[in-house]
Structure formats: structure tokens, C-alpha cells
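J.: Please work from the sequences and hints to get the whole structure.
Residue numbers (my numbering), protein chains in the order written: chain A, 1 to 335; chain B, 336 to 670; chain C, 671 to 1078; chain D, 1079 to 1486.
Hints listed in this document are in silico derivations from the structure and should not be mistaken for laboratory results.
The structure displayed is predicted, hence computed values, not measured ones.
All C-beta atoms in this analysis are idealised placements derived from N, C-alpha and C, irrespective of residue type, glycine included.
A couple of the hints might just be wrong.
[Stated by the list, open to error] Some chain B residues close to chain C (C-beta under 10 angstroms, calculated; not the full set): (1) Asp-353; (2) Val-357; (3) Ser-428; (4) Glu-429; (5) Gly-439.
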Amino acid sequence: MSMIEAIRDAMDVSMSRDDTVVVFGEDVGFFGGVFRCTQGLQQKYGASRCFDTPINELGIVGAAIGMAAYGLRPCVEIQFADYMYPAYDQIVSEAARLRHRSAGDFTCPMVIRMPTGGGIFGGETHSQSPEALFTHVAGLMTVVPANPHDAKGLLISAIESPDPVIFLEPKRLYNGPFDGHHDRPVTPWSKHDLGEVPEGHYTVPLGHAAIRREGSAVTVITYGSMVYVALAAAEETGIDAEVIDVRTLVPLDLETITASVKKTGRCIVLHEATLTSGFGAELVALVQEACFFQLEAPVLRVAGWDTPYPHAQEWAYFPGPARVGAAMREIMETR
Amino acid sequence: MSMIEAIRDAMDVSMSRDDTVVVFGEDVGFFGGVFRCTQGLQQKYGASRCFDTPINELGIVGAAIGMAAYGLRPCVEIQFADYMYPAYDQIVSEAARLRHRSAGDFTCPMVIRMPTGGGIFGGETHSQSPEALFTHVAGLMTVVPANPHDAKGLLISAIESPDPVIFLEPKRLYNGPFDGHHDRPVTPWSKHDLGEVPEGHYTVPLGHAAIRREGSAVTVITYGSMVYVALAAAEETGIDAEVIDVRTLVPLDLETITASVKKTGRCIVLHEATLTSGFGAELVALVQEACFFQLEAPVLRVAGWDTPYPHAQEWAYFPGPARVGAAMREIMETR
Amino acid sequence: MTTPLRFQVPEPASRPGGKPDFSNVVIPEAGSVERPNVDVDPKEIRDLAFSIIRVLDRDGRAVGPWAPALDKEALIRGLRHMMTLRAFDARMQMAQRQGKTSFYMQHTGEEAVSCAFRVALSPGDMNFPTYRQAGLLVAGDYPLVDMMCQIYSNERDPLKGRQLPVLYSSKSHGFFSVSGNLTTQFIQAVGWAMASAITGDDKIAAAWVGDGATAESDFHAALVFASTYKAPVVLNVVNNQWAISTFQGIARGGSGTFAARGLGFGIPALRVDGNDYLAVYSVAAWAVERARRNLGPTLVEYVTYRAGAHSSSDDPSAYRPKAESEGWPLGDPLVRLKDHLIAIDAWSAERHTQAETEIMADVVAAQKEAERHGTLHAGGRPSTRDIFEDVYAEPPPHLRRQRQQIGV
Amino acid sequence: MTTPLRFQVPEPASRPGGKPDFSNVVIPEAGSVERPNVDVDPKEIRDLAFSIIRVLDRDGRAVGPWAPALDKEALIRGLRHMMTLRAFDARMQMAQRQGKTSFYMQHTGEEAVSCAFRVALSPGDMNFPTYRQAGLLVAGDYPLVDMMCQIYSNERDPLKGRQLPVLYSSKSHGFFSVSGNLTTQFIQAVGWAMASAITGDDKIAAAWVGDGATAESDFHAALVFASTYKAPVVLNVVNNQWAISTFQGIARGGSGTFAARGLGFGIPALRVDGNDYLAVYSVAAWAVERARRNLGPTLVEYVTYRAGAHSSSDDPSAYRPKAESEGWPLGDPLVRLKDHLIAIDAWSAERHTQAETEIMADVVAAQKEAERHGTLHAGGRPSTRDIFEDVYAEPPPHLRRQRQQIGV
Ligand SMILES: Cc1ncc(C[n+]2csc(CCOP(=O)(O)OP(=O)(O)O)c2C)c(N)n1
Ligand SMILES: Cc1ncc(C[n+]2csc(CCOP(=O)(O)OP(=O)(O)O)c2C)c(N)n1
Ligand SMILES: [Mg+2]
Ligand SMILES: [Mg+2]
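T.: Structure below.
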């Protein structure tokens, strides 16, 4: 099934198992969401458990915090990650710290879903990847699925988590594993093993990375759409890269990462978000500290440019297989 | 003079030279600010140029953006950096991108001042250091002065800058160079050369770091209060550290940093903000890429723990001379 | 325990398959609402927030105290502005379908609001619009070609391909850069107006927001600041009944109207028939005069209807009756102004058809001209260098390094 | 150019050196405001947003339709609650001066608001308070010792030393964790109330905010959501005339009152004499009943005065006349309830002095007990481990590594 169906299925399964799970956001109720991720849930569970909200992200998250404090498990949608900023205070100052500041008296089990990333000619306000703005915040978990199987399993884990989870959905992957070759058709998930999604309830635990390609030459650490860009670059350069999909940015599976880098001795960190202070910087800092004596070359970063996400020049901005391949060649030449 | 007086002086000088400079914020007008940074400006320039605002940070920054688009140069105060989150959308989605998205048709010359950092028993909402949430945003400049001389010169540069500047004032340094020894009195700025502030107009250009201590053993890259913690640790360990005050995080003076690390072969990055995805990660990523073959040990980070800033346990949270000294010893032992 | 609470979610009067139902929209007679002086005490006119100011009656006559002093030429110009905007929408909507751009948003049914408001402004005044006020540009004689080049993100795009289509910017035409983030501009408009007052200027600002976007918290910041500093700003709420799939009741809640929001701040609030060009102009002129005379902000709710889809990515038939727009009681702004002009013998069916042909010809000519400079995926386009410029006035070292990496 | 605009910044009636001036506070006779049924149409009672509901008259008699049915014992209990809070404030303020903690905030002059409101709630209802509603805990018989241990951040601090003093939390006592960030709790209260309705519960929420903090945008989110979903919540605005150094006019702007904010949302809005224990209780009970009967939210503005400093870090003499509080026309809530009890022969000067002594003795005893567990800088304190716990339910690897680094 598609990633959209997998995400919907995760909410459906959770709502049917647990009456305290409620779903809401802008256009998510009657209409089923601008990306159709909540389609059918209002009809199935009623308007008390899946409903439309006024256009106020602060209100969506703030209300969800109150509901979580009451004892519900809200799973809310922010229509685009680019629109989460109005809710940022409620996320950072409230959701993330409630358990700590109240010493566990009040807790905040909630999921904030938001489509992230570019590749759809959405311009600067439909293309952003703000994950690093969450990973810096103690008390939050940040998850980025890269395929339907993980999307469903991780979202169920997130909904069942006792603490707030930011769930970033790479919108360019909703319908298939886009690898950055925008001039080629994308094979739909239905033709991909990771598009095979088990029925009913299962979880993919938070905090565990997945190795998507085994390799011996260089480790590429990435997540979201960039997983497929890295895989494409490996095929196209013929460089035997090991591609790690971290899946959960916080908490991070550092063991899998360091084991791989110690094996390959080379590392590239790859994401679509702007370079400076992106989550890639944290990955580099951790890798160079843990693998310093095994590294044969500096860790390289391939990321979005430090500019707003442009409309017309989308493919000059998006870090596609060419840029990643070039970095792979460069790092293999360093010794 | 104290850092508070230096900051006030910078606004005073700017307002007297340029009628388009306006100053406002919560308690900033009649009262002169909870830290007294704007004291006397309303009396001197009138309530049209220095005034109190309603308690709405979004409104303060949003209104300032409109004023900047009109042609004024607003210099606004957010009472504590911890309270900037409600304004985050206006800062990130609007101020930072206005020039780019309008192709220079509209610009946003403005300064957002905010006291930052802990050490005053202010608990989790009066102690935060959110600089990394700004350095990730293209279109912003982020400045952190560490002494009165720089505070005045950098603030004048910021006010004269054609683009938005986030000006983070380490509140623990307002009255003297606090070095983390909370059990000892702080010598007031009046007894410190960097407390000697020239009269009238001068600038410290944005984008230039300062070496506060020359050394050959290890480079400590830091800013704000941590500059004095690093200096104290160097004296106390007897390790000949070179201490760099970066002063401007974006744009960053990478040349000064890499020259130093290539010289010492060792590097510690130090800040008070929480470790994960802090600005230190960016510094590590840049240093290991630029100085890989000169580094004799992994770059170490000393930073605030990945937790909210606690009230009673302030000194267990604050990265003081003991923790920094330990890191210095550790890195000197690595070879 | 006492009787259990029940959760209540507002639902529109009708949904797909149902009959259009606007029985909840109470429409007073044209000419029936009084016209206070601009220096009236807001307390005295609270009821205006719950009525609808209308000028054009059923027979196309302009009646009542709000009938403006616009001569025939001005009215004909107004009609041409609206016809131009509609023709422009038609061509650009088609261009989007043809893949010449990624995205488009129409104004169908709402043309009077921005077209008439623009005429009430003076040179130097500044609008802070949403994506649905292109009438401010059209009625301000901004070149259609430049608008189209922005939509095509081509080599002549004034915004260098950076912005999503229709998020125009033109300082010289009093049109602030449109943001993709809703409502952020509302408080910015208030700040711009405060700046005008601070410097003793005589320019005023106009803020724009849709019914759905009034729910955003920036709306509150704008009303608080406007109320506290009596800023010279007109706060416009375009109530076209729908956000995307959510009807106005979701944003409006229990208050009968959006104009009512002003009452909580002591801001005079007017409600006007947004499909009545004369009423819109007249109310706009009243609010603009208040601002200009330093009497402070005015909140204006324009009651209109989004006859088309929310955007080129939207299909309204999924959430509202297909024929709902035919049921809309305030009619079509173009037809109503045309009928008025005919009623006063300033216009005729023939001249109208002729005008339609002329205008469409102009729009098509502009489109040809624009397309010579390229469309999103073909022909001349902005350069890759444009990604890196204007991030700052001066490119800092790290951006120069990044530019060099892709060699531009 | 037309006459230049002028920038207008509201100023309080008087400043340091000037005479206290509350002539702008219009105070109706006690008993003069009508009491509508709780199911009244909000439209019918807009005027209540501009009046002040009062029960206690000059002679200490309870008069008019809002006089509540509270028996003598209940009133004496109320008086004792307020006296306890005042004694508590006195001791903790002194403790702060003595360096036993870092920070404190008093309630002087506002005791009736939180103490009387608490009595109108039922078990299981939830308050979302600010830092100035400790009366909700005192009147709810929360242990004074626990409050003091929180203030001292000592080994028995229920919040383990993490939070700034007075930012209490007690789910069991219907007191939501107080945030250091203003107004965030206002929308959270609405969400909690929505959850109660969603689950068919019968619990209601009470949101609290100060006059200054109503300016924050979360206030708008709360009113929008409360209005749209008719949430069972009481929206309380404590107007104590001042934020920190800014008077209420800066936040309120041109609307005569804060209650008026409700009118824009169709939310019934009442204004009440916040220094009149009986009036506060009566209005609270009215609003609580509306919520409980699923009739939706009510906005209540409590007109009171912050007689003390904003906090232990503040000195009001820098921004308002020293003697301003003596000029406050609504008097002292303790004195007024005391006089009423004496007027109805339920109390006497002697019993009052005696009660004062008893209460102070209890508070001092509690303080001794609390101090046995330490103060901020001396004696028993929370452990360093407590920094790392409760960040997440389960400490993730990176936090375990960091804990090991300082060996806790
Ligand atoms: C902060 C933010 N949240 C959500 C969106 C997505 N969005 C774009 S338009 C829209 C509906 C706005 O409706 P309304 O304000 O009524 O304006 P209209 O389209 O009817 O003119 C939404 C939800 C956005 N652009 N920005
Ligand atoms: C978001 C945010 N901005 C600013 C502050 C600083 N601050 C704390 S209390 C206060 C004044 C609040 O006044 P009011 O709402 O009237 O409450 P009162 O203190 O009078 O009870 C301010 C500005 C804060 N805590 N949070
Ligand atoms: Mg709309
Ligand atoms: Mg107050």
C-alpha cells in the first residue's frame, strides 16, 4: 500500500484498539486531510474522535496538550511542516517539558504529524525540513519514516509512546520511493517490498536504525527521501556504500551508525534540510567523536543550501543523486 | 561600564544618529526594561521612538517587520530568550525570508535583542540559550557578545545591518565576567579592560571572532559566558588553551577558527545550550572537515545537558570550569 | 455524575449531495443600513457588525446613505478591472492545467472586494494582502505581463522564480510581498501603519485575511496592537464562506459574524456585501478616511462567496454541494455592476460583449508576451544563482562557498 | 499631504509622584446588576461585559440577585482561606528576602478571586492557573508544607527542584502545572475541557490569565476553540490593573474592558468585583453551571488590584504612585468579608484577631516543618539525578550517557 494508506491504517488500527486516541487538524475531519491521510476516519469513528479544527496550529497543539493531560492520546496533523512555527512555543515550552516540570504529575502522550520535504514545486512554504528544530529540544522524540512499512509501524509506536513524538512524513515518498530523478517516473509502493504492509497491529520500535544497503566503502547516514537518493547514487557511482536509514533522529541508534562507520572508515551525512545547524551536524559530531581513529577521511555533509527553498530552481536546491554521487567519489579519493 | 550600560549606550548612539531607529518591547518604555537596558531612552527620545508594548512577542516582532518594511530600523527586546518562541514564526517565516522572497523589493533591517543563558536561578523559563534555533535559519544573523566593548560595537553594527539580526545577551555577564565560580564574587566590568567602552559611535563588525587567550595546546571555541569559563579552566588546569570568542555565530569567522585548530591540533567546543543539535555540533562538523588531517584527537563538546534547565540543580547543569577542565585534560591525554 | 457532556463540532448547512442552503445568511434590504460619521464612537455602531451594508438593489439601482459618489467612468473602469481579473484567472487557470506552472488560485465571485477597495486608497498606501487579492494589482494598473511572469517563474519573473505562483510583491504598487504562511501579514500591516504614524506621515495600511485565517493567532496580535496604538490601518476580513474544506463556522464559532471580533477591542466593525462594488468602495472609503484622519483602525468583513476551487490543487465537490454557488444569495459582482451601469444608461449588453472581447484579447496578448520569456518547465528561466542572492544583502562566506560548489 | 498622523501610546492616569486616580473605574451600586439564567442567549447580556457585578454594599450587607446562598460556616471558611493565603505570602516573601529561596510572588489584594472560585468547583474539575492563583490550592486544602517545599526547592519538593518557586503542580488537587510562559495554559484548558466532552465526562476546566497576558496570542486560540466547540470551560481574566510596569490600558487598548473580548466570539462575558468574595463565588458558580450543563464557555473578568509588587524582583514605586493601592476603590477582600461576617453577627473583631494568631501559628509551624527538609541553599536538596529523570518516561541512551558523565 502507499505511505498515505499506511499512515491512515496506523491511525485506524490505533483508534479501533484505544478509545482515547483522537485525530484532528485542519481539513482532517470531513475531507480527510489535504493529503487524504485521515480519509474515512471521521465516518468510521465519529466527529468526536476525528474532527476539523480552526486554522490555528498553536491551538491544535495547545488543545492537544490539554487533552493529553486529561488522559487522551491526540494524534494531530499540521498541514505542512512549514506551518508548525506558530505551534512551536506550545511544542517546545509545553509539550516537551510537561512531564519534567511537573515531576510526572502531568504527562503529554501525543503525536504531531506533519508532511515534510520538497520535490513537489511547493516553494518555500510547502517544502521545508525542520527536523533539527525538534532534535535540539529535550523531551521530544523525532521520527522520519522512509517507507510504508516503517510509516505504519513507527506511527503506531509513536501513538503508544508516553511522550510527545514529532512525526515527519516525507511527502515526496507518499506515493513511491522517489530517488531524486525527477525526470523519471516513480515506481509506486505497490511494486516495492517495503510497500507490503502487514494488516492490523504491529510496531516498529522507536530508536532503531535500518541498514537499507550493506556496503564496505563508505557509510551514508540519512533518513526520509534521501534514503533513495543515496541508494541511487550508490548504484550510479558503483561505490559500495552502506546506506543507513536512521528512522528515529531522537532517540538515535548510535550503535548501528558507529558499527558501520568503523567498518567502512568513511562517512557521508545526507539530508534535505539546510546545511548549517541541520541534524547532519549532530550526526557528524557524534560520528567523529566515536569513530575518530577509524576515519580515513573527514565526514562530509550533503544537504540543502542555506537559503529558502526556491520554487523554480527546485532541482538545483534538492540534493539529488548527482551531488551525492560526487561526494561519494570525493570521499573515496581522500586518503 | 557594565554590559547593560554598553547596550543602552549603543541604542542611545544609534537613536541620536538615525531618526528611523525605534526601540520597543515589554516594559521597555517608561520603566526602561526589566534589566534596565533601555532606561532613559523614552525620556530622551519620546514615546514615539521608545515605548511599551502589549505582552505579545509575535506582535512585537510582527509589528517590527511591518515597520522595517516601511523604512524604520526597529530594535526590539524580547524580555527573555525563553519567550521568543511565540515570535518564532514571524522571525523564521517572515523576517528571515522577506528580502529573498520579494527579490529585494522589501527588506527587514531589524534587531531582536534577548537576554540569554542561565546562572541566575531563573529555572527553565529564564535560563535558555536558543541560539541554534536561529543559526539553522537562512536569512538571519546571530550575535552573542561577551563583554561591554563588543556588546556596544556589535549592537551598533546590528542596528545598522540591512538584514535581521538576533542579538543574544548573556544575562549572567551583564554586570561582570562570570566564570562559573558561583561561590566567588564577580569582579565588575569597571575593573576589566573590556569594560572600557569608547564614547559615541564605533562598530565591531559582524562575522569576526576574537582570540581571548593565545595558546598552543588546544583550541576552545565558544561564546558568551562560556568564554570566561574557558579562561578559568585554562588557568586552573595549566593547559595552554587558545580561547576563541566567536562573537558572531552566523556569519561565522571560520578562518580564525581553522587557523587556530590547525595550530593546536586539538579542539573543544563549549556552550551552555543543550548538547544535541546545539550550535556546537555545527562547529564540530566544520572543524573536522577543515582540519581533519591536523586533528590529533576527536573534537570534544562540553555543553548543557539534554534536559530542561533546572532551578535548584543549576550548578550541576551549568557547564562550569570543572567540566571544561576535565575535557581539556581528557583531550590532552588523547593521542 | 450529572448528565454527561457532549462534544459539538459545527457542520455546514449542507454537504455534497445536499441542497445548497444559505438560509442562515440574513440579508437586509439595500440602502437600509445607516451611515455614521467617521468620527462616531465605536460603541454607538456595534449593530453594524451584525448587519450587511448594501447599495445595489434588485433592480440594479444604487440606494441609501452608502451610495458612493462614483461617476460613470469610474464605475466602468471598475467593471473593466473585474472583467480583467476574471479573464486573467481563466487564462492562468488554464495555463496551470496545461502544465505551464505548478499552481494557481482564482478570485471567481470575489472580484469586487479587492478591485473596489484599491480605488479607495491613495498613492503610497500599503496593502498586506493574501493570495486572493490580485484585484489590488489589476485595479492599480500593475502590468499583467509581470504578474504572469511571476506565475510562470520565468526569466522575467520579478521574484526570480523563488516564490510560489500568485505570491506577488510590488512595493511601488502598494502591494506587500504575499506570504505562504497565513495571517502573518495582518500584524505586519499594523506595524507598517504604526511606522507611518511614528514618522508623522499620512500613509495608511490595509491588512487582508480570509475567514478561515482569522483563527490564526496573528489576528489577535494585530487587533491588540491596532487597538492599543490606534494604528491607521484598515483590517479587512474576506469572508468567502469557506477555508479549504472547512466552512466559515469552524473559524467563526459562536459569534454571528467575523466583524464581531472587532467589538472586543473597541474597534469599529462594518459588514458589507462583498459582491456589491459600490458598497465595497463606499465602506472602504469610510474606513480609509478614519485611518487617514488618525481616528484609528476599522475592521471590515466582506460577505462574499468563493465560487471556484480553493486552488488548482482543490476539488470543492468533495466537501460542498456542486451547485452551491448558484444558491449564493448575493449574486455575481460583475453581473451586478453591469446591470447597474445598464440601469443608469452608462452601459449596454453590446458594449459589455465588446468589452469582454477586448479584455480577453489584452489578456491573451499579455500571456503571449509573458510566455516568450518562458514558462515553469520550458523556455527562459531564472538562474540557479538566484537561489543564493538576496538571502542577505551581502552574501556571507558560507553562501559563497555553497555557490562555488555548484559553480554559479 | 493631509495633516500628519500622530502615534498614540496609552498612559496610566498617574505615575510616581502623582496622585492615585481611579476615576476611570466606574463602579455600579452593589446589587444593581441583573442575574440572567445560565441558558441565556449571550446576545442578551452584552452589557454585562461593561458593568461590574457586586454583592457586598458599603455597610457590608449582601444585596441583589447575585447574593449567593453561602451559609456562615462557608463564609468563615472563605475568610480563613484568604487569611491563610495572606499569612503564607508574608512568610514566604520574608523567606525570599532571607535568601531561603530565589523568587516569590504574592497575591496581596487578590485573595478573593482564587479562594472563592475554588469553592464553586467540584472534585475532578481542573484549573489551568497562572502563578498568582495559589488560593486554588489553599482553598482546596493542599498542604502548605508541600507548597513551601516547592518554594524552597528542597529534598521534599514535589517538583524535585526543577521548577521556579510558586510554579506548583497538583493533579490530585485540580491544579495544572503552572508554566513560566504566559497564557500557554489558556488554550490547554480548552483542550482539557474538549477532552472531557469528547469522553462524555462531567468534569469542567477553568482557565486563568492576567490582564497583561490576555495580549498573548494563545488567548485568541483559546477563545476560537472554546467558541467553536462550545467547550465546558470557564475563561478567567484576573484584571489586577497592572502587568509588570505596564498598566491594563496597554493590553486592553480601546475596548473598555477585558470581558468585552468575549463578545467577538459570542461567549457570554461577565465582569465581577474581584475583591467581593460573595460576588466572585456567585459569578463563578454561574459560569461553572453553564459549563457543566454543556452550555459552553463563559468569560469572566475579575476587577481587582495588585497591591504588592509584581514579584520579589520588582519595585512598583518605579512606575506607579507609592500610595496607589490606598486609592483603589474596591477595598481589601479580607476586610470586606470580615465586615460582612460581623454585620451578620457571624464574626467579631476578637474572633478575627484570634483567627489571625491561630492561622499565623499554623503557617509558621508548616514553615518550620518545610525547612527541616531544607531551603534552596541549605539542608536537604533534590538530587542531581533529578535533572535527568522525567525528561522522558524512559531515559534514552544519550541521557544515560550524560548521567554517567557526572556519575549520578
Ligand atoms: C500557517 C498556515 N496554516 C495553514 C496553511 C494552509 N492553508 C492555505 S490557504 C488555507 C485556507 C485559508 O482559508 P481562508 O482564510 O478562508 O482564505 P480563502 O482561501 O478562503 O481566501 C489553508 C488552511 C497556511 N498556508 N499557513
Ligand atoms: C511569553 C512570556 N512573555 C513574557 C513573560 C514575562 N512576564 C512574566 S509575568 C509578566 C506580566 C504579566 O502580567 P499579568 O498578565 O497582568 O499578570 P499579573 O502578574 O498581573 O498577575 C510578564 C511580562 C513571560 N513570563 N512569558
Ligand atoms: Mg475563505
Ligand atoms: Mg495583571
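J.: All hints, please: hold or fail.
T.: Hints and how they fare:
1. Asp-353: violated (12 angstroms)
2. Val-357: Status holds, d = 6 angstroms.
3. Ser-428: It holds, given that the least Cβ distance between Ser-428 of chain B and chain C is near 5 angstroms, below 10 angstroms.
4. Glu-429: holds (5 angstroms)
5. Gly-439: Holds. Min distance 5 angstroms.
Of the numbered hints stated above, the single one contradicted by the structure is hint 1.
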